[in-house]
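Undergrad: These are the residues of each chain, in order.
Number of protein chains: 2
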Amino acid sequence: MQKPSKQDFPVGKARRYLEPGPVVLVSSKWQGQANIMTCGWHTVLEFSPSLVGLMISAGNHSFRMIRQSRECVINLPTTALTDTVVGIGNTTGAEIDKFSEFGLTAEPALKVDAPLIGECHANFECRLREDALVDSYNFFIFEIVQAHVAETPEHPETLHYTGDGIFMVSGRIIDRRALFKPWML
Amino acid sequence: MQKPSKQDFPVGKARRYLEPGPVVLVSSKWQGQANIMTCGWHTVLEFSPSLVGLMISAGNHSFRMIRQSRECVINLPTTALTDTVVGIGNTTGAEIDKFSEFGLTAEPALKVDAPLIGECHANFECRLREDALVDSYNFFIFEIVQAHVAETPEHPETLHYTGDGIFMVSGRIIDRRALFKPWML
Numbered sequence: 001m002q003k004p005s006k007q008d009f010p011v012g013k014a015r016r017y018l019e020p021g022p023v024v025l026v027s028s029k030w031q032g033q034a035n036i037m038t039c040g041w042h043t044v045l046e047f048s049p050s051l052v053g054l055m056i057s058a059g060n061h062s063f064r065m066i067r068q069s070r071e072c073v074i075n076l077p078t079t080a081l082t083d084t085v086v087g088i089g090n091t092t093g094a095e096i097d098k099f100s101e102f103g104l105t106a107e108p109a110l111k112v113d114a115p116l117i118g119e120c121h122a123n124f125e126c127r128l129r130e131d132a133l134v135d136s137y138n139f140f141i142f143e144i145v146q147a148h149v150a151e152t153p154e155h156p157e158t159l160h161y162t163g164d165g166i167f168m169v170s171g172r173i174i175d176r177r178a179l180f181k182p183w184m185l
Numbered sequence: 001m002q003k004p005s006k007q008d009f010p011v012g013k014a015r016r017y018l019e020p021g022p023v024v025l026v027s028s029k030w031q032g033q034a035n036i037m038t039c040g041w042h043t044v045l046e047f048s049p050s051l052v053g054l055m056i057s058a059g060n061h062s063f064r065m066i067r068q069s070r071e072c073v074i075n076l077p078t079t080a081l082t083d084t085v086v087g088i089g090n091t092t093g094a095e096i097d098k099f100s101e102f103g104l105t106a107e108p109a110l111k112v113d114a115p116l117i118g119e120c121h122a123n124f125e126c127r128l129r130e131d132a133l134v135d136s137y138n139f140f141i142f143e144i145v146q147a148h149v150a151e152t153p154e155h156p157e158t159l160h161y162t163g164d165g166i167f168m169v170s171g172r173i174i175d176r177r178a179l180f181k182p183w184m185l
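Respectively, the protein sequence lines represent chains A and B.
Numbering-wise (full-length UniProt numbering), the first sequence opens with residue 1 and increments by one.
Numbering-wise (full-length UniProt numbering), the second sequence opens with residue 1 and increments by one.
It is worth saying that the hints were derived from the structure and are not from the lab.
One or more hints might be untrue.
The list makes no distinction among identical chains, and a pair is therefore deemed to hold if it is satisfied within one copy or across any two copies.
[Unchecked claim] List of simulated lysine to any residue pairs, SDA-like, C-alpha gap at most 20 Å:
(1) Lys-181 with Pro-4
(2) Lys-6 with Ile-166
(3) Lys-29 with Thr-105
(4) Lys-3 with Arg-177
(5) Lys-29 with Arg-67
(6) Lys-181 with Asp-164
(7) Lys-29 with Glu-157
(8) Lys-29 with Phe-102
(9) Lys-181 with Ser-136
(10) Lys-181 with Pro-153
(11) Lys-13 with Leu-128
(12) Lys-6 with Gln-146
(13) Lys-3 with Ile-173
(14) Lys-29 with Glu-151
(15) Lys-13 with Gln-2
(16) Lys-111 with Ala-80
(17) Lys-29 with Gly-59
(18) Lys-181 with Thr-82
For clarity, every value in this text was computed on a predicted model and none was experimentally measured.
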């Protein structure tokens, strides 16, 4: 699969890709081993600093890796990666090397040790900001410290998981800019 | 606008509607006054109890109402309500009665005082479960205690906000059930 050419992107605008609620691939690295998990349970929390919250179940192999390394990368797959997303979600990094198994490219990040997934449309490098709700709710708050986004397409088709093996697809847009005053945008 | 006929829905399956990341309308009631806000910053956190986290900016009129009443209803609008969603997001309950202004029907909930929005596809009655991150991150964790969902359509077209007045639309589905083992679903 092709790796899109990406550019630096303002971290304060990451909501453009994350607020719509797509399934993301979270990559991590700890003690020399890299891993990837799927995640549909996340939310934007702030523009500046650029904060995002992720629920990472303690049963995941990635949980300890991310907790110990205090870093991860949130990668945005498009529908071209649907079967890869499902495969990553249904396997565990305790048994396989997911980059190798799924033919994905681990690219170096700029500010964290966790790798970027080259084939994804966007990559958000994250540092752990707040772990107060990790023990009680598996809820991590990260700060996005560097962002990389493919220039095209402008509105990629993304996957939105409903459970039961069924994804909704987003991509078509509705433009209501005319209903906003400039300071609301 | 028509009000869909709704049925009780298992609270543990609310992720089906919330995990895809749609814009939701959050209704609240405090000291006799009801209000509605739009929210795109939310995440599922647990199946059972059925938990969901919402970032509600302290600048919103709804913030204090929800904090004081410790309740809200998360309502799911479809694309039929696009302009209503934008209007609710661009006005404040400090100045107008949003139910009246936007022609929405406040219906009684079963377990909370906050009203359901009759015109929405689904309504999730919520009680505040955890406020530890409210002061620092405006992040509320609610338990969904009762759910009401329209029986049709099975996959409604929902709105997913990107910022800048632009929504992505979800509705078309991709079915990958065949790639899951029964216990993964």
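Undergrad: Now, for every hint given, state plainly whether the structure supports it.
TA: Verification of the hints:
1. Lys-181 with Pro-4: neither (34 Å within a copy, 32 Å between copies)
2. Lys-6 with Ile-166: Neither: 29 Å inside a copy, 22 Å across copies.
3. Lys-29 with Thr-105: within (14 Å within a copy, 50 Å between copies)
4. Lys-3 with Arg-177: Neither, since 32 Å and 27 Å both go past 20 Å.
5. Lys-29 with Arg-67: within (11 Å within a copy, 39 Å between copies)
6. Lys-181 with Asp-164: between (40 Å within a copy, 10 Å between copies)
7. Lys-29 with Glu-157: neither (28 Å within a copy, 38 Å between copies)
8. Lys-29 with Phe-102: For Lys-29 and Phe-102, the Cα distance is within 20 Å only inside one copy (17 Å; across copies 50 Å).
9. Lys-181 with Ser-136: neither (41 Å within a copy, 29 Å between copies)
10. Lys-181 with Pro-153: Answer is neither; intra-copy 27 Å and inter-copy 34 Å both fail.
11. Lys-13 with Leu-128: within (19 Å within a copy, 30 Å between copies)
12. Lys-6 with Gln-146: The answer is within: 12 Å in one copy meets 20 Å, while 44 Å across copies does not.
13. Lys-3 with Ile-173: neither (24 Å within a copy, 25 Å between copies)
14. Lys-29 with Glu-151: neither (27 Å within a copy, 44 Å between copies)
15. Lys-13 with Gln-2: Neither, since 25 Å and 36 Å both go past 20 Å.
16. Lys-111 with Ala-80: Cα proximity of Lys-111 and Ala-80: none, with 27 Å in one copy and 43 Å across.
17. Lys-29 with Gly-59: For Lys-29 and Gly-59, the Cα distance is within 20 Å only inside one copy (17 Å; across copies 38 Å).
18. Lys-181 with Thr-82: between (37 Å within a copy, 17 Å between copies)
The structure does not agree with the numbered hints 1, 2, 4, 7, 9, 10, 13, 14, 15, 16 stated previously, though it agrees with the rest.
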